[in-house]
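**Student:** Residue strings, one per chain:
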Amino acid sequence: MASGIRKRVVPGFGLSLGLTLAYTGVMVLIPMASLVFQSSSLGWSEFWAAVTDPRILASYRVSFVCSFVAACINAVFGLLLAWVLVRYRFPGRRILDGLIELPFALPTAVAGISLTALYSNKGFLGKPLEDIGIKVAYTQVGIIIALTFIGLPFIVRAVQPVLEEMDSCYEEAALILGASRTRVFFTVILPEILPAALTGFGLAFGRGLGEYGSVIFIAGNMPYKTEIAPLLIMTKLEQFNYDEATAVALVMLVASFAVMFLVNCVQSRKLRYLGHD
Amino acid sequence: MYVKITGINKRFGDFPAVQDATFTIRRGALAALLGPSGSGKTTLLRMIAGLEHPDSGDIVVDDRRLNDIAPSQRGVGFVFQHYALFRYMTVFDNIAFGLKVKKMPRAAIRQRVEELLTLVGMAGLAKRYPAQLSGGQRQRVAFARAIAPSPHLLLLDEPFAAIDAKVRRELRVWLRDMVGKLNLTSIFVTHDQDEAIEVADEIIVTNQGRVEQRGAPVELYRAPATPFVTGFIGDSIQLDNCQLIKGFEELGPVPGAVRPEFIGVFHPEAEIPYANSAIDAKVVRLAFRGDTFEVGLDLRGCPLTARYALDSRPIAVGEIVKVLVWRLYAFTGERVALVNNNCTGDHPQGYSYVI
Amino acid sequence: MRRKPEGLWAWILILISAAFLVLMLIAPLAVVLTESLREGLKVFRAAISDFYAVRALYLTLEVTLVTVILNTLFGVVAAWALTRFNFRGKRLLITIIDIPFAVSPVIAGLIFILTFGRMSALNPWLQANDIKVVFAIPGIVLATVFVTFPFVAREIIPVLEARGTEEEEAAVLMGAGLFTIFWRVTFPHLRWALLYSVILCTARAMGEFGAVSVVSGRLRGKTLTLPLHVEILYDEYHFGPAFAVASLLVMAAVVILAARNLVEWLAKKERR
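Protein chains in written order, with my numbering: chain H, 1 to 277; chain C, 1 to 355; chain V, 1 to 272.
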C-alpha cells in the first residue's frame, strides 16, 4: 500500500547525501575525533596541569586580549568603511572596495613578514613610531596590528549588505520628523546594522584567536609577553609533546566554538527582531 | 469519471495538510480546487502530479492508479505558481525541454515548439529569455511548456496569482478558451472565488485539509453543503440566531446566513406582500453599485446587507424601512438547509435539507 | 540646512577611511615589493628561480589544484543534498560543515598529526603499507582541504536555498534525469557563486601556512610550499630572497583579488 518510505521527487538524494556524509566524516569528523581521543589518554590532573601552566595561561591571555582589542578596532573602522563605501560616491571607491578582501587573499606568512618589516624599528612606519616612543614590532601592539589586518574584512563585509539594503525611507522619515543626523544614526541606523556588526565582530575575534601565520613574525614570541596560544601548540608539537599540545588545543577549540555559538545566537536573535523567521 | 481521488491523507509532521479527500472530475472538465491558504489545495495538486506522496488513499486517472508511478510517467503537465521557467534558457528551449528529454527528433521538436508558440500567441519571441517577458507572457510560456509533451491532464498551481489585476482578467478568459480548444482535462488551484466561478466548470472547495463540497459553480452558490461554503462562495451575512428574523421562529436558535438577494427592502409607504411578516429596519449605509444600491441595514441590532432597485422609491440613510427575508440558510452542525419564510406558505412544515 | 557640513563630514570620513586602508593594506603590499628589490634585481631573480623555490611553487600549485577540485566537488554535492531535500539532522550537518572555520590552522594541522602520525591507531597499518601521510604531501593536502573545507559549500548553499526547488521539479515532471537537471537547470544559477567561491578557496589554499607548517616537516625540495619557503628564508635572515618569493605570492593575491572583483561585477551585471 502507501509508502512507508518518503519518496523524494528531485533525484540524487541518496547519492549526494551519502557522498557528503562520507567526505565530511573523513575530512572533518574523524580528525576532530582524534583530538578528543588523544586528550582522553591524558588523565584529568595531567590535563589540568597542562592547561593551567603559567606560561600557557599567559599565552591565552595574550591571544584573548589582542584578538579582542583588534576586533574592537575593526568594529570602529569596519563600520566607518562600510558606511563610506555604501553611502558616498567618490573617485577611487571601487578600488577601496575591491581592496577590502586583500587580507583573505594574501598568504598570512607574507602578511606577517611585511608587517614586521613595516613596523620594525628600521621600518617605514616603525621608525617614526619608535621616535615618539611607541614600539610596535615584537610587542603586543604588533600582535594587535597583525590581527587587525587579518580581521579587517569581516565587519565591513558583514555590515555592507545590510546598509545597502536598508530602506532610506526610515532615515528620511526620521529627518522629516526633525531628528538630527547624529541622532538618526544612533536611533535608526545603528540598531539595524548592530546584529551584522556583532556577527562580524565575533568572526574577526574568532579568527584572531586561532591566527598563526601573520602573528608569529611580528610578535617576537617572548614567553609570558608576546607568545600566542597557537604558537605554544606548535612549540609543544616540535618537542613531540603531543599530549600537552592536544590539551592546549582543546581549550582553544572550546573557546572558538563558544565564540561561534554566540555569533549564531546573535544571528538568530537578529532574525527575530527584524521579523524574519 | 476521469480523475478519481479517494481517501487521500497527507501530514507534514504534526500538521494534517489533507484529510480524507475524495472527489472526482469529468473528462475534459476544467476544475478548480478552491480554498483559503493552508486548506491543502496545493498539496492535493502536487500529489496528483507526484511531487508529494500521499500517506494513504488512491489517485486514479483514466483508470490508472498513479500512486506508485514516477512523476514523469504520469502524463501530467504542471504550471507552477511562479511558473518555474528555466531562467537560463530561451523561450524556445524552455518549451523544447520536455521534448528533448523524451529524445524527440530535432525537426519534430522545432515544429512542435513553433506550433505551440503560435497557439499561445508568442510567435517571434522564441529567442527571448524569461526575464525579458511580461508576467502574462511568462504564463503563456509556462502553459506551452506544460502542454508540449501532450499530457493527459494539466495541473495549474495558482496560475494567475503572480499577475497584476488587469492582465489577470484577460488571462482567465484566455486559459478557458485554450483549455476548451485542446479539450484537455485540467485542474487549477486558486484562493479566489471569483476566479474559480468565472473559469471553472467544476469547483472543489477545500478547507482545513478537507474537501467541503464539489459541484458546478451554480450548484455551490445555490446549494452550499456546509457553512464554510456558504460563506466562501458568493456574498452572505452570517446570522448568530435565525429565530430573530420574522418568519423563521420555528427554526430554533440556530446560526445561519443570508444572501443579499434573499432580502426584500421596501419603502415604508410601499405596498408589501405578506405585510405581517415584514420587519422594521434602519438604513445605516447606502452605496451606489451601478445597477442597484447596496443597503446596509440594522435589523434589531443585527447588521444585514441587501440590494435595492434603482427605480424604486428613494430611501435615505437613517430612514426606517420594511424588510422581508424571503429565505435563509440555516446551519445545523456541518449541514446547511435552505429555508423559506413560512409566511410565504411554500413550506408550511418548516424546512427541507438541500443536498 | 544640513547639506554643507554633511558634505564636509563626508569628505573627512572618506579621507579617514582611505588613510586607514592605505596604512593597513597598501603599505604592507608596498613593503613587500620594495624589500624584494632592495638587494637588487639579481638577488630577486636568483631567489625566484632558485631550485627549491621552483619546487615549492610547483608543490603549492599541485596542492592548491587538488584541494580546490576536491572541495568544489564536495561543495556542489553537499549543496545539492542540503538544499534540494529535507531530512532529519540537516542543521547539524550544516554546523559540522562549518567547523573548520572555527578551528585554528595550527589545530587543523595537529588533528592530522594525531590521526595519521606516530601516535595514531592507524600508524601500524600505514607503516605496513608504506604510506606516508604526515610530514609528506598527503598530509599537506589533507590539512589544506580541511582549512578550506566549507568555502564552496557555504557560498553556494544560500544561492540554491534562495531559489527553491520549483525549476528542478518542473524538469522532473518532464522526465529529466539527475545529470540533465543539474547541468541544464541548476548549474547555470550556480556558476557565478561557484566561480567566486573557487577563487576564494584558491587564495586560501595557496596561502595556507599554519596548518601546513604543522604537517609539512619542512623537508626542503619535498614538503615545502611557497609560504613555508618564505618563512625558512626569512628565519635564516635571507630577507631579500624571502621578500622576492613573497612578492610572487603578493602578485598571485592581487590577481585573485582582481578576479574576485571581476566575477562579482559580472554577476551583478547579469542579474540586472
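Keep in mind that the hints were calculated from the coordinates and are not lab data.
For every residue, glycine included, the Cβ atom is placed at its ideal position computed from N, Cα and C.
Do not rely on the hints blindly, as some may be mistaken.
Simulated restraints on C-beta separations [unchecked claim]:
#1 R289(C) - R91(V): 46 to 56 Å
#2 M222(H) - G40(V): 32 to 42 Å
#3 L61(V) - S40(H): 52 to 62 Å
**Student:** Does the hinted range 32 to 42 Å hold for M222(H) and G40(V) at CB?
**Tutor:** For G40(V) against M222(H), whose Cβ atoms are near 34 Å apart, the range 32 to 42 Å holds.
**Student:** Check the following: the C-beta atoms of R289(C) and R91(V) are separated by a distance inside 46 to 56 Å.
**Tutor:** holds, 54 Å
**Student:** In this structure, is the beta-carbon distance linking L61(V) and S40(H) contained in 52 to 62 Å?
**Tutor:** violated, 39 Å
Violated hint: 3 only; the structure is consistent with all others.
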